[in-house]
Amino acid sequence: MRSFESPAATSRGCATQARLAFADRIAPCYANFVSAIKVALTPSAVVLALVCVGAAPARAQNVDVAVEMVQVTPTAVKVNDIVTIIATLRRLDPRPANTQPVDVLVQLFVDDATTPISTQTVTLRQGETVTVRTQWKATEGKHELRAKIAGLSARRRTPRDVRPSNDEARSAPIVVTPGSSPSSSSPAPSRASEPRTITTDELSMVGAR
Amino acid sequence: MAPPKRRARRRLAPLSLALLALAPASALAADFTFRVPVTLTNVPSVTSIRIDCGVWTGVASAAGTIIGTAFTIVPVSDGSYSGVVTVEVDASGTLTADQARSYSCWLTAMGRSSTGAEYGASPADMQSVYESATGTTLTSFRSSVSGPIPR
Numbered sequence: 001m002r003s004f005e006s007p008a009a010t011s012r013g014c015a016t017q018a019r020l021a022f023a024d025r026i027a028p029c030y031a032n033f034v035s036a037i038k039v040a041l042t043p044s045a046v047v048l049a050l051v052c053v054g055a056a057p058a059r060a061q062n063v064d065v066a067v068e069m070v071q072v073t074p075t076a077v078k079v080n081d082i083v084t085i086i087a088t089l090r091r092l093d094p095r096p097a098n099t100q101p102v103d104v105l106v107q108l109f110v111d112d113a114t115t116p117i118s119t120q121t122v123t124l125r126q127g128e129t130v131t132v133r134t135q136w137k138a139t140e141g142k143h144e145l146r147a148k149i150a151g152l153s154a155r156r157r158t159p160r161d162v163r164p165s166n167d168e169a170r171s172a173p174i175v176v177t178p179g180s181s182p183s184s185s186s187p188a189p190s191r192a193s194e195p196r197t198i199t200t201d202e203l204s205m206v207g208a209r
Numbered sequence: 001m002a003p004p005k006r007r008a009r010r011r012l013a014p015l016s017l018a019l020l021a022l023a024p025a026s027a028l029a030a031d032f033t034f035r036v037p038v039t040l041t042n043v044p045s046v047t048s049i050r051i052d053c054g055v056w057t058g059v060a061s062a063a064g065t066i067i068g069t070a071f072t073i074v075p076v077s078d079g080s081y082s083g084v085v086t087v088e089v090d091a092s093g094t095l096t097a098d099q100a101r102s103y104s105c106w107l108t109a110m111g112r113s114s115t116g117a118e119y120g121a122s123p124a125d126m127q128s129v130y131e132s133a134t135g136t137t138l139t140s141f142r143s144s145v146s147g148p149i150p151r
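Respectively, the protein sequence lines represent chains A and B.
Here the numbering used here is used: the first residue of the first sequence is 1, the next is one more, and so on.
Here the numbering used here is used: the first residue of the second sequence is 1, the next is one more, and so on.
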């Protein structure tokens, strides 16, 4: 364990004497320096300094990110069905265009609950649209699913949300009825073109051995 | 009173007619049939998977307005699965299948955690939910695929 000794405890020896002499010489100067700091550090000066430090970085960029819509699928839902909630976000900054991407923290809620069922971060450039998806096990009753922008951040200039009124949107109400659904569901058909078969890339999960 | 055979025939007649009426409807193909190859390896806690597919009006993946979605649930045993899952999606509402420009399919894994509780790992949080529920590592995964609708 390291220990630090006071000058009094090491007052013997040449080196110690030299150190004490040096301390005596700088003491008046040190006292003046401390008193100068005391004068400068009045409460109002401290507040002013902090404001200046806060304003020092480049000015905030004006950003407008909107939750355009919240969709729920399927719409005919029974208790314990897993429904998919899709929120569409769009970045609609006022001009001039700002190319710096903004990270958007999105939260999805059921009705007016304060605990989100999902929290995700998406990155948006000006004019971009992105969808955020999550799933929810339905509970009985009439529900609205809600998406809300909980925060904005960027690497360089702090984003400032210029229109907070469009930061939240709700789905159309869905009514969750008792009972159970079959394992697969599709809405009623409304055909306008030839049926198409699409083979996708592979989905996979590999666990550690 | 009619003999039992004739009575049975009378009862079956409406049923036969109903089945005939339903037959053409069930034989209609969906607007979009997605064939999604799925491989699961060494994920013993997974009891079933759900494959969702959706079609959108936007050219970019899952952009624009949603035209229709559907899902298929497949049971999984012994921690592995290899096969092609078919998901049939129809246009619903006011938008038609012609307006579809992009699709997306995604995987949700459902299972039991080490404590016995049920979990559901969706694309947004697949790794974190799986690993915290099972205490094991998910070494790799691909939980969603998307692309343009072939014209």
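No lab work stands behind these hints: they were computed from the structure.
Yeah, the Cβ is synthetic: ideal placement off N, Cα and C, and Gly gets one too.
One thing to keep in mind: the hints can contain errors.
To be verified - Label pairs and their computed distance ranges (CB to CB): (1) S140(B) with I117(A): 46 to 54 Å; (2) G79(B) with T121(A): 27 to 35 Å; (3) R157(A) with T94(B): 19 to 27 Å; (4) P148(B) with T121(A): 40 to 48 Å; (5) L105(A) with T137(B): 21 to 29 Å; (6) T96(B) with T115(A): 12 to 20 Å.
Unchecked claim - Taking beta-carbon pairs under 8 Å as the criterion, some of the chain B residues facing chain A (in silico): (7) A29; (8) F32; (9) S102; (10) S128; (11) V129; (12) S132; (13) A133.
With 8 Å as the cut and Cβ atoms as the points, is S128(B) at the interface with chain A? Violated - the Cβ of S128(B) stays beyond 8 Å from chain A, reaching only about 12 Å at its closest.
Is the shortest C-beta separation between S132(B) and chain A less than 8 Å? violated (14 Å)
Is 40 to 48 Å respected by the C-beta to C-beta distance linking P148(B) and T121(A)? Given a distance of about 27 Å, which is not inside 40 to 48 Å, the answer is violated.
Satisfaction of the F32(B) interface hint, Cβ to chain A closer than 8 Å: holds (5 Å)
Quick check on A29(B) please, does its C-beta sit within 8 Å of some C-beta on chain A? holds (4 Å)
Consistency of beta-carbon spacing, T115(A) to T96(B), with hint 12 to 20 Å: violated (39 Å)
Against the range 46 to 54 Å, how does the distance between the Cβ atoms of S140(B) and I117(A) compare: consistent or not? violated (27 Å)
For the restraint on A133(B), tell me whether the closest CB of chain A is nearer than 8 Å. Violated. Min distance 12 Å.
Does the interface hint hold: is V129(B) within less than 8 Å of chain A, judged Cβ to Cβ? Since the shortest Cβ distance to chain A is 11 Å, the answer is violated.
Just tell me: holds or violated, for the beta carbon distance of R157(A) and T94(B) against 19 to 27 Å? For T94(B) against R157(A), whose Cβ atoms are near 41 Å apart, the range 19 to 27 Å is violated.
Is the shortest C-beta separation between S102(B) and chain A less than 8 Å? Interface hint status for S102(B): violated (11 Å vs cutoff 8 Å).
Is 27 to 35 Å respected by the C-beta to C-beta distance linking G79(B) and T121(A)? With Cβ atoms ~31 Å apart, the hint holds.
The structure fails hints 1, 3, 4, 6, 9, 10, 11, 12 and 13 (numbered hints given earlier, in ascending order).
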